[in-house]
Amino acid sequence: MIGLPAYLVLGALVFSIGLFGVLTRRNAVGILLGIELMLNAVNINLVAFARFNGDVAGLVFTLFTISITVAEVAVGLAIVIAIFRVRRTVEADRLDLLRG
Amino acid sequence: MTLETMGFGVVATVLLASSLAVVLTPNLFHAVLYLAAALVATGVVFLLLEQPFLFAVQLLLYAGGVVTIVVFAIMLTERLVGERIAQTSRHVVNGAIVAAAVFVGIVGFLIGAPPGAPRPAETVDTTAAIGRALVGPFAVTLELLGVLLVVALLGALYFARSEE
Chain A
1 MIGLPAYLVL GALVFSIGLF GVLTRRNAVG ILLGIELMLN AVNINLVAFA RFNGDVAGLV
61 FTLFTISITV AEVAVGLAIV IAIFRVRRTV EADRLDLLRG
Chain B
101 MTLETMGFGV VATVLLASSL AVVLTPNLFH AVLYLAAALV ATGVVFLLLE QPFLFAVQLL
161 LYAGGVVTIV VFAIMLTERL VGERIAQTSR HVVNGAIVAA AVFVGIVGFL IGAPPGAPRP
221 AETVDTTAAI GRALVGPFAV TLELLGVLLV VALLGALYFA RSEE
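Protein chains in written order, with the working numbering: chain A, 1 to 100; chain B, 101 to 264.
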């Protein structure tokens, strides 16, 4: 029987990998992919805690985070496309419109 | 070694390998495909935790929806063939140090935490329980989620509209 810590360590590993992607990717779409991985790791933790505590609230919360993530991705990519129309690039380093 | 342990090992390996591929592969399009593999592997983790409903939601919304949207965005912002789709990484060492530090911090906290109780047997049908919770104690949250989705839809339409 696999205990709760195994799932939590798996979630922590995926979260760290996603964080690495967010920090190192130059392309805005690549950064979004890293954020997806991090949110996914959180979902693993939520479901594991809900299952091991026998509480349905964690599962409902996972359902909400999945839906909100999909909405976030749709808006995020719409912003990326809008930026691409204006600047002809999605390299995060070159999107310095707000730099003083 | 039980079947569950073996299944967990295989799924964890696939999940970690495809997650690493997402952040390391130079081809952005391949990164999205690896993300799809990682999302499906996460769904299988939900199956191991005996949550078939969340597995279905994960496949439909994440592996189906998100991957399609991201592929669309890449096709609109990059040329599918040629050099443009390649992406580079920067500050790889610094990023690795920060990510490793976060991981060590979490695991250090886990080591200090008291050992959890063993997994209780599944007694109720969780799909039905989720449905009852959604229209019971979480009804207002569900309505708010609907409002949020409408707002996100309108926002995406506004950003992606053409100028004329």
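If you're looking for bench data, these hints aren't it; they were derived computationally from the structure. You may find that some hints are simply not true.
Unchecked claim - Here are some chain B residues pointing at chain A (derived, C-beta under 10 Å): (1) Leu115; (2) Ala138; (3) Gly165.
Unchecked claim - Cβ-Cβ distance ranges computed for the label pairs, FRET-style: (4) A:Gly54 - B:Arg261: 34 to 42 Å; (5) B:Gly109 - A:Arg85: 19 to 27 Å; (6) B:Arg190 - A:Ala82: 18 to 26 Å; (7) B:Thr105 - A:Leu98: 47 to 55 Å.
Glycine included, each C-beta is placed from N, C-alpha and C at the ideal position.
Which numbered hints does this structure break? 4 and 5
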